[in-house]
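K.L.:
The chain contents come next:
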Amino acid sequence: MNTIIQNILVFTALAMALFFLIRKFFWTPKAKPSKSCGGEDGCGCH
Amino acid sequence: MSKQINVALIGNPNTGKTSVFNALTGLNQKVGNYPGITVEKKEGICKLPRGLKAHIIDLPGTYSLNASSLDENVVIELLLNKNDKDYPDVAVVVSDVENLKRNLLLFTQIKDLEIPTILVINMSDRMEYKGISIDIPYLEAQLKTKIALISTRKNKGINDLKELITKYKELPAEPCLDASVIDETYFNNLRKVFPNQLLYKLWLVITQDVNFGKTDRATYDKVEDFKTKSKADLKRLQQKETIKRYQFINETLKKGQTIDLKSAKDLRIKLDRILTHKVWGYVIFAAILLLIFQAIYDWSSIPMDFIDGAFASLSEWTKNTLPEGAFTNLLAEGIISGLGGVVIFIPQIAFLFLFISILEESGYMSRVVFLMDRIMRRFGLSGKSVVPLISGTACAIPAIMATRNIESWKERLITILVTPFTTCAARLPVYLIIIALIIPEGRFLGVISYQALTLMLLYLLGFGTAVGSAWILNKVLKMKSKTFFVVEMPNYKLPLLKNVALTVLEKTKAFVFGAGKIILALSIVLWFLASYGPGDNFNNAETIVTKQYASKNLNEEELEQKIASHKLEHSFIGIAGHALEPVIRPLGYDWKIGIAIVSSFAAREVFVGTLATIYSVGSDEEETIKNRMAGEINPILGGPLFNFASGISLLLFYAFAMQCMSTLAIVKRETNSWKWPIYQLVIMSGFAYIAALIAFQVLK
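Here the protein sequences line up with chains G and Z, keeping their order. Residues 1 to 46 in my numbering are what the first sequence lists, from first letter to last. Residues 1001 to 1700 in my numbering are what the second sequence lists, from first letter to last.
These are calculated hints, taken from the structure and not from any lab test. Incorrect hints may appear among the rest.
Quick list of in silico lysine-lysine cross-link-like pairs, DSS-like style, CA-CA up to 25 Å [what the hints assert, rightly or not]: (1) G:24 <-> Z:1675; (2) Z:1509 <-> G:24; (3) Z:1235 <-> Z:1101; (4) Z:1668 <-> G:24; (5) Z:1082 <-> Z:1003; (6) Z:1085 <-> Z:1101; (7) Z:1041 <-> Z:1003; (8) Z:1144 <-> Z:1235; (9) Z:1156 <-> Z:1167; (10) Z:1668 <-> Z:1154; (11) G:24 <-> Z:1244; (12) Z:1085 <-> Z:1156.
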């Protein structure tokens, strides 16, 4: 039981991580952000 | 529901517009004591008395409404388009008490657009020091406006400004200057064709090459006829307009402002003479840089050791406390180790930005820009290119955006292309860990540590490569351009603790949360790829290794290590890494470094997090990242994997390679083409590979 739960948690974390990375780097936003790359615009370069 | 009005903050560069914006909105946009901080409009909300709300728009600094660069166009486009949703109900022109004459040129132009305008005279705390006194009622009468005398540094006068904005309907909308004084015949003809239009607005439409929006296009199309005057004639009329405005401003200030030079206690001239000296200026700048890098090393070592140890203990504690299983391993070996690889660099990044922020706030950075202009010209760059190159020490993205105030397209393009060579904060973790592994801890002449010196050399290498590439690009790119360089020399100021603290906090937060999210996600993916694999070699690792070493009498711990190593080699990541190995082996790297290089294409600092994750998979010992990397053995050559040759090779690779997807995206946006980012990616990465290859082959 413990193994199943742990595996479910691992695959959930993996799915979330992949979704985040794909959205971040391969999803082109339609609108330009109006603010510059300042503190927390998540440009990912800092 | 309370009513909301649009308020535009406009002014010359470096008058403190962003400080006024922060004071009104309570936001913390970056401020600095050098021009060009704001290149795009920024927005915020301010609560005013009597339930009124203001939508505050902080516009890029401009010296006049005669735009010469992209960021200045933003101001004109907004002020000329009444249909823009941000068109201001009131314009707040921010001026600096010490440069009132020059600042009023822009003020009179905005007044002539008949927009209700408030004049803010900022930095009033310096009036006594500079022997300046101002007759506010007289100036208000002459300039047909209301004036707020404020000091954002001392937080004085902000409430008076809010009160004036609230009463914006009472502000006179009369112009300061009758546009027809520029050329009576020309403007009379203009008036005949457009009887219901504002003359000065039409004049700007004729002379400025900006986008006026679709709605007004029909009206403005007709003004094309008035461009029949030759360009030289229009320029002559623009000059005449400026002269007329300055005549009016001089007349107004003659009575409205007095400057008692005897009571001015000015250190500025003496300091400028030394800090911008053609020899001592550079010596002092080099000494300041050296001091900064030394301090970064000396002051950060204790908190860094503490963080490193804490993450190693946390990983160990997680493994021992939580129930055994895949998710516990993911937490201990993947997430905690990966994040530890980022958090450990917080002290050094915070110290770097502390010093940069102090240099900006004090006004010294503008002197550096001035000093560098002498060098930059020889390499085909403008002095204005220094601001992006210096901003690039934080991040290439805002730095590339800061090129918008460079008037010449050729110089702007060259600056965009070479800025990513500047050492950004993301390179810092890679440099720091490699330097810690390959450079001894001793001190040069007993004072400067070798590690600090290496770090400084890497910063100079980045800057030198940027300038050298600019020289080549200047020769290669066949574009004609003419430019001039005007830089604002702000006064020296004691850095405000609040501004310095905010900058450090903001940059550190951006580093941790911006990169942290990517590193967290990548750590999970990498851990998965390193902990799972296809086929019998991975699934039956225990049986295969036990059989293989049956005759060698290994103890339990040694056998477990062999099994973990076998599993890693045959995991998904191991297979991918081995496929990559032939390409990177000539540089002195193993497949694990190869994986770290590929994953760090997302963001450079991911390199350390990736290695921390890969090295901790299957490890049961409480080990710090540095120790794990130091203990790695080169599988082919033997000896430490991270030795002097492979370390220098890695440092050079990261100094030159274009390892940042976000930078490529912003270059595409700023150049409006994929051509330039692709050139940048291919040339920078190719150059990095060759430099790293030569370094390793020569030093090994």
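K.L.:
Are the hints correct? Go through all of them and say.
P.N.:
Do the hints match the structure? See the list:
| no. | hint | result |
| --- | --- | --- |
| 1 | G:24 <-> Z:1675 | holds (22 Å) |
| 2 | Z:1509 <-> G:24 | holds (19 Å) |
| 3 | Z:1235 <-> Z:1101 | holds (22 Å) |
| 4 | Z:1668 <-> G:24 | holds (17 Å) |
| 5 | Z:1082 <-> Z:1003 | holds (19 Å) |
| 6 | Z:1085 <-> Z:1101 | violated (32 Å) |
| 7 | Z:1041 <-> Z:1003 | holds (22 Å) |
| 8 | Z:1144 <-> Z:1235 | violated (28 Å) |
| 9 | Z:1156 <-> Z:1167 | holds (19 Å) |
| 10 | Z:1668 <-> Z:1154 | violated (42 Å) |
| 11 | G:24 <-> Z:1244 | violated (53 Å) |
| 12 | Z:1085 <-> Z:1156 | violated (31 Å) |
The earlier numbered hints that this structure contradicts are 6, 8, 10, 11 and 12.
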